[in-house]
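Student: With the hints as extra help, turn the sequences into a complete structure.
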Amino acid sequence: MSFDEIYNITLMQGFAGLSLFAVLLLMGLGLAIIFGQMGVINMAHGEFMTIGAYTIFLLSTLTESYAPGLMQAYFPFAIVCAFIVAFIFGWLAEWALIRHLYKRPLDTLLATWGLSLAMQQAFRTLIGPKEVSPTLPDWLMGSWEVTEGLDIPINGMFVLALTLLVTGGVLLALYKSRWGLRVRATVANRAMANATGINTTRTDRVTFAIGCGIAGVAGAAFTTIGSTGPTSGSLYIVDAFLVVTFGGAASLWGTVVSAFGIAQTQSISEFFLSGSMAKVLTLLLIVTILMLRPQGLFASKVRR
Amino acid sequence: MSDQHLPSSQRRKFMLGAAALPLALAMSRIGHAAALPTAQVNTTGLAVTDTEVVVGQLHSATGTMAISETGSIQAEQLAIDQINAMGGILGRKIRVIKEDGASDWPTFAEKSRKLLVNDKVATVFGCWTSASRKAVLPIFEKENGLLYYPTFYEGLEQSKNVIYTGQEATQQILYGLDWAKQEKSAKTFFLIGSDYIWPRTSMKIARKHVEAFQGGKIVGEEYYPLGHTNFNSLINKIKIAKPDCIFAAVVGGSNVAFYKQLKAAGITGAKQFLLTLSVTEDEMLGVGGENFAGFYSSMKYFQSLDNANNKAFVEAFKKAYGPKAVIGDVTQAAYLGPWLWKAAVEKAGSFDVDKVVAASPGIELPTAPEGYVKIHENHHLYSKARIAEGQPDGSFKVVAESPELMVPDPFPKGYQ
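Sequences listed follow chains L and Y, in order. Taking this note's numbering, the leading residue of the first sequence gets 49, the next gets one more, and so forth. Taking this note's numbering, the leading residue of the second sequence gets 15, the next gets one more, and so forth.
No lab work stands behind these hints, which were simulated from the structure alone. Don't be surprised by glycine CBs; every beta carbon is placed ideally from N, CA and C. Among the hints, erroneous ones may be present.
[Said to hold, decoys possible] Okay, derived cross-link-like pairs now, SDA-like style, lysine to any residue, Cα gap no bigger than 25 angstroms in a straight line:
#1 Y:K253 x L:T248
#2 Y:K253 x L:G197
#3 Y:K285 x L:E196
#4 Y:K128 x Y:K156
[Claimed, not checked] Under 7 angstroms between C-beta atoms, here's a sample of chain L residues computed to sit facing chain Y:
#5 T58
#6 M60
#7 A64
#8 K178
#9 P185
#10 G323
Tutor: Structure follows, in structure tokens:
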């Protein structure tokens with residue numbers, strides 16, 4: 049193999065790791081907000097991603113039949129819609145189900161798992177059991193051929209950019225906005241936050257809905273790399289939990305670092321070993337580190 | 015393999031023409047003889063009355079496999095409706111009891127016991143994954159039931175109580191590899207599969223065939239967990255290995271991710287030859303025609319097959335399930351089940367499982383959408399292998415077809 053080829057493959061492999069990092073981070077982010085800030089284990093996280101993906105599919109179908117001229121432009125708009133739709137469903141789920149179960153973590157786990165099953169069957173009944181793929185605008189397809197033999201996937205770059213945008217937005221909101229202040233106050237000391245006049249019930253609801261909305265964005269982004277079916281969500285939920293638990297539940301920076309670590313380990317070991325062995329190696333590594341550091345990579349100082 | 019093929023297709027067609035006449039006569043005779051007494055056609059206490067015969071249908075209508083099994087459910091129902099419209103079997107209408115295996119193998123076992131023991135069904139059309147078939151097999155053998163199984167699968171199985179209407183592994187693989195060597199001059203192969211029994215067995219056969227019989231070389235063999243959606247590292251490995259042919263058996267959600275990412279990495283049908291065992295019209299809905307255009311699929315049936323049987327079948331299917339419905343390889347194989355059972359029951363003159371099983375080998379179905387099939391002694395079907403090229407609109411264009419019927423060989427010697 050020539051030097052050029054090694055150089056190209058190294059670059060593409062580096063990008064493969066980065067794009068996996070983006071995927072893991074995007075799916076872990078919403079979960080990290082809900083799990084980390086509220087202590088709710090949301091087993092239906094994957095299904096909120098699926099809602100986002102179906103929103104894209106719906107809008108792509110509508111655009112295709114009613115306004116084919118807008119096919120090149122609908123996608124960013126559809127991502128915003130995916131956020132809004134998932135946000136609304138998250139809001140409803142919190143209002144109808146979750147708020148009755150705070151302080152009972154095992155019960156929320158079961159309840160959200162039930163919710164996840166119910167949502168899967170609803171997708172199957174209402175939308176159909178077959179996997180679907182939205183028609184994507186041409187500019188999202190194919191590869192960017194930098195030089196001969198060096199192809200960078202455009203959908204990978206898109207997901208990476210979107211992830212940076214969303215993560216930046218969440219961090220900014222959490223540390224600079226009034227909502228962020230209220231969330232952090234509630235996490236640090238719920239009773240005291242309540243006493244100072246923060247409406248913690250409302251904060252919880254908005255937080256849960258935003259977490260779900262981000263899941264919707266993640267689902268929307270994943271339509272560029274995979275397909276959508278009623279059970280797509282369950283493909284992602286395990287990885288999402290891995291990222292969040294490994295990073296340290298209450299820390300968003302932890303989620304970022306853990307997504308990066310897992311993605312690079314997985315991607316590099318996949319290159320040198322077989323796919324299944326790479327997964328085994330990654331999981332072994334995570335288990336070992338969690339045994340030594342049960343609180344995850346980054347533990348935040350929270351008064352419990 | 016090739017020396018075991020049937021006589022030439024022309025000769026077969028001639029024989030078919032000759033065979034069709036007595037068959038038609040026999041059918042009209044049965045129509046008149048609706049008065050065959052139940053005591054005579056049913057000596058083992060099956061759910062058969064003077065006007066009705068009860069059969070079971072056991073697929074996953076819910077759970078993760080519903081994606082794949084829905085087509086089979088629809089095709090079997092269509093065949094049964096058509097048979098009923100023709101007057102049923104031995105003058106009796108077919109009534110279906112549908113059970114849901116819910117993508118859960120113990121549930122399959124439980125429901126099959128219910129169908130055989132409580133409902134006393136005359137036969138069952140069902141199962142899709144090998145895991146579900148393995149779960150129900152001991153029950154069918156113990157209760158002496160009869161199962162028509164539609165999916166192409168890894169082979170290595172043969173049961174008195176099962177008729178396999180899909181291809182076993184060699185029927186799907188060998189012709190494809192030979193075609194790749196002859197037409198595409200493929201000498202180096204990269205094997206990729208999902209990590210479970212069917213892809214692993216298939217790839218084992220493919221490796222043996224390429225290395226021992228074709229003098230080719232395997233430059234990579236990779237398996238990924240079910241549900242894996244990130245193939246960028248794999249794609250880089252493919253780029254290093256530069257195989258003449260990517261030979262793939264990736265299933266489920268992974269399938270879609272695999273083709274989308276191949277395209278995103280600049281590996282398209284125009285630049286790279288790829289042959290797969292796992293993309294039918296059903297998968298194409300998710301994969302998207304633009305991601306599979308120019309790649310090849312090896313199956314026995316494609317919806318675009320150009321023959322009169324298939325035109326009628328496609329039309330009836332779309333009439334029943336909507337103009338957007340697509341028919342994949344397994345859906346067609348599932349459609350054969352009720353027709354093969356009908357032919358065997360009429361040949362046996364009885365619904366008794368033992369008599370139907372005894373009558374099955376040699377049953378021909380010249381009306382099959384895939385063209386013509388015949389049941390082998392080993393309960394699998396003789397059928398043709400075909401290669402089709404994916405089109406940007408998501409359809410398949412058949413580019414090659416085995417000249418002879420492929421003989422089913424579930425325990426291939428030299429490939430173990």
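Student: Taking the hints in turn, state whether each one holds.
Tutor: Results for each hint:
With a C-alpha separation of about 54 angstroms, the suggested pairing of K253 of chain Y with T248 of chain L is violated against the 25 angstroms cut-off. Annotation: proposed proximity of K253 of chain Y to G197 of chain L holds, straight-line Cα distance about 9 angstroms (limit 25 angstroms). With a CA separation close to 13 angstroms, the supplied pair K285 of chain Y and E196 of chain L stays within the 25 angstroms bound. Using a Cα cut-off of 25 angstroms, the hinted pair K128 of chain Y and K156 of chain Y holds, with the two alpha carbons roughly 13 angstroms apart.
For T58 of chain L, the suggested interface contact is broken, since its CB lies about 9 angstroms from the closest CB of chain Y, more than 7 angstroms. Using the Cβ-Cβ criterion of 7 angstroms, the hint placing M60 of chain L at the interface with chain Y is satisfied: the shortest such distance is roughly 5 angstroms. Given hint, A64 of chain L at the interface with chain Y, holds; its Cβ is 3 angstroms from that chain's nearest Cβ, closer than 7 angstroms. For the restraint placing K178 of chain L at the interface with chain Y, the shortest Cβ-Cβ distance is roughly 6 angstroms, inside the 7 angstroms limit, so the hint holds.
Of the supplied interface hints, the one on P185 of chain L is violated, with its beta-carbon coming no nearer than about 12 angstroms to a beta-carbon of chain Y, more than 7 angstroms. Hint on G323 of chain L holds. Least Cβ distance to chain Y is approximately 4 angstroms, under the 7 angstroms limit.
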